[in-house]
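Let's have the full structure, built from the sequences with the hints guiding it.
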Amino acid sequence: MTQERKAAIAGIHEFPLRVAPGVSAMQIKAASLKAALNDAGLDWKDIDGLYDAGDGEGGGGLGLAAYLGLRPRVIDTTQVGGSSYEFHAAHALRDIAAGRVNVAITTYGSTAASNRIPIGTGGRGGGQSWSANMEGPYGSTLISNYAMVKQRHMFEYGTTTEQLAEISVATRKHAMRNPEAVKAMTDLQFVKVDEITVEDVLESRIVADPLHLLECCMVSDGGGACVFVSPEVARNIKKKPVWILGTGEATKYRENGGDITTSAAAQSGPPAFAQAGVSPAEIDIAMIYDSFTITVATCLEDLGFCKKGEIGQFIGDGHLAFDKPGLTLNTDGGGLSSNHPGMRGLFLLLEATRQLRGESTSQVPGAKLAVAHGNGGLLGGTHTGGTVILAAD
Amino acid sequence: MPNRPQPHFPEADTKHYWDGVKAGELRYQTCDACSKVNFTPTAHCQSCGSNALSWHVSKGEGSVYTYSVVRQNRIPGFVELGAYAVAYVDLDEGFRMLTNVVGTANPTTDISIGQRVRVEYEQQDSGEYPIPVFRPI
Ligand SMILES: [Zn+2]
Numbered sequence: 000m001t002q003e004r005k006a007a008i009a010g011i012h013e014f015p016l017r018v019a020p021g022v023s024a025m026q027i028k029a030a031s032l033k034a035a036l037n038d039a040g041l042d043w044k045d046i047d048g049l050y051d052a053g054d055g056e057g058g059g060g061l062g063l064a065a066y067l068g069l070r071p072r073v074i075d076t077t078q079v080g081g082s083s084y085e086f087h088a089a090h091a092l093r094d095i096a097a098g099r100v101n102v103a104i105t106t107y108g109s110t111a112a113s114n115r116i117p118i119g120t121g122g123r124g125g126g127q128s129w130s131a132n133m134e135g136p137y138g139s140t141l142i143s144n145y146a147m148v149k150q151r152h153m154f155e156y157g158t159t160t161e162q163l164a165e166i167s168v169a170t171r172k173h174a175m176r177n178p179e180a181v182k183a184m185t186d187l188q189f190v191k192v193d194e195i196t197v198e199d200v201l202e203s204r205i206v207a208d209p210l211h212l213l214e215c216c217m218v219s220d221g222g223g224a225c226v227f228v229s230p231e232v233a234r235n236i237k238k239k240p241v242w243i244l245g246t247g248e249a250t251k252y253r254e255n256g257g258d259i260t261t262s263a264a265a266q267s268g269p270p271a272f273a274q275a276g277v278s279p280a281e282i283d284i285a286m287i288y289d290s291f292t293i294t295v296a297t298c299l300e301d302l303g304f305c306k307k308g309e310i311g312q313f314i315g316d317g318h319l320a321f322d323k324p325g326l327t328l329n330t331d332g333g334g335l336s337s338n339h340p341g342m343r344g345l346f347l348l349l350e351a352t353r354q355l356r357g358e359s360t361s362q363v364p365g366a367k368l369a370v371a372h373g374n375g376g377l378l379g380g381t382h383t384g385g386t387v388i389l390a391a392d
Numbered sequence: 000m001p002n003r004p005q006p007h008f009p010e011a012d013t014k015h016y017w018d019g020v021k022a023g024e025l026r027y028q029t030c031d032a033c034s035k036v037n038f039t040p041t042a043h044c045q046s047c048g049s050n051a052l053s054w055h056v057s058k059g060e061g062s063v064y065t066y067s068v069v070r071q072n073r074i075p076g077f078v079e080l081g082a083y084a085v086a087y088v089d090l091d092e093g094f095r096m097l098t099n100v101v102g103t104a105n106p107t108t109d110i111s112i113g114q115r116v117r118v119e120y121e122q123q124d125s126g127e128y129p130i131p132v133f134r135p136i
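Protein sequences, first through last, are from chains A and B.
Using numbering that gives the first Met the number 0, the letters of the first sequence map in sequence onto residues 0 to 392.
Using numbering that gives the first Met the number 0, the letters of the second sequence map in sequence onto residues 0 to 136.
Chain B stretches covered by chain A per the calculated footprint, using a threshold of three residues with CB under 8 angstroms from any CB of chain A:
#1 7-15
#2 36-43
#3 58-71
Sample of chain B residues with no beta-carbon within 12 angstroms of chain A, all distances over it, derived:
#4 48
#5 117
#6 134
#7 135
#8 136
Since the hints were made in silico from the structure, they are not lab data.
Predicted, not measured: the structure shown is a model, and the values here were computed from it.
Ideal Cβ placement from N, Cα and C applies to all residues, glycine included.
Quick look at the structure:
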């Protein structure tokens, strides 16, 4: 199949601090944008497309343009939770290919750690809605949604915590090679800032049965920015472009008689791979939203890296770590061990870009193809899936 | 008495359901056009869009589809409960609802997928609406 190269990632930046008291989310967005433009060799005035998830104090297409001082021709405030940035990449590809925009940006900023926001263990927000009325009385935490997926996955397929723990072990190994992740775990006062074992995961306390603490992502500050450009602009940027080959979008939610072990990725993955003209077996790097181990497990299955229910065996075959053959997972350390300010979908694009440029701290030699898959909302409940296939120049 | 969050009204889609709960009934809808079960309640059928929906009263029995025992939370009304079980229960009439499974000595060991459960209505300090929860049969 032919691979069309109609849009590229030209510049990236990840805000380095995971604990950033005294800084606003909007300041993180602006500072990250400046650094990402510099990474690309582009200017503030080059921006003609604005994509934003509405994060920060007064963000969104309305507020962020005013704050940054931009006059974009395309404005898109897609907010679908943590996968918003994969959706932004999808929309940027579409809008750039249509000739409507040449330099598009998405930015992210969050002070979840400094503001002590209980992302995982807090309940759903109050308010008066059909969903709040039906779900609010039951004390369902964010984590318990994911835990219910793991419970059912273990029941149906015999998946074990020992198998899923390898996801935590591999991402921690990558995190220990990433100085920003090491600083994050230190600043957030992790009990053990070191590589971990399967036994460490099994012995960590249970937060929501059957999910252990070391299967859960951290809560940090953070943010970043990503610049998407047309092929014409890509010819003159500072670094090699990383091409967006294909994208897919989907939502999924509680359905009567539905299968909770299958995520939105089952719908978003196939069109992304088809548009890209590649198969899962060709992918070198999988950047998968690791809010929890089970998120990675179900999404890898749904994206077609193995059959539904066979993730335990797939992991047992020795994938995941950057220095092993096979598929490599989350080389920045992921949400489990590098950062999770609430919506980490942006970081999937950033680390995939680093790998395809050859800049990762856990570099896979000659990495050519990557998938970034974001999961927003609540796996097991209402959630979104955004899949982006990326290629080296 | 427990002190769970109450439903809030006016809210057009779920009022009839909660009026049912107050009357000791677990109400659900089916679609007159496509005959599918519709839950959570809405004014349109979530399978075909039809507005011709009929209300029924469930027998209140079903099976645990999946569950999680929450050990750590910061939700007002739940912090003081200790470990409690959040679950999806598949009612025999074909709808799946988020709920709690209550009444076990140790929810981690005493609840299982496929377990038969029956609805009961737990009175609340927090307001006039009892909350439908499930207990193993
Ligand atoms: Zn219908």
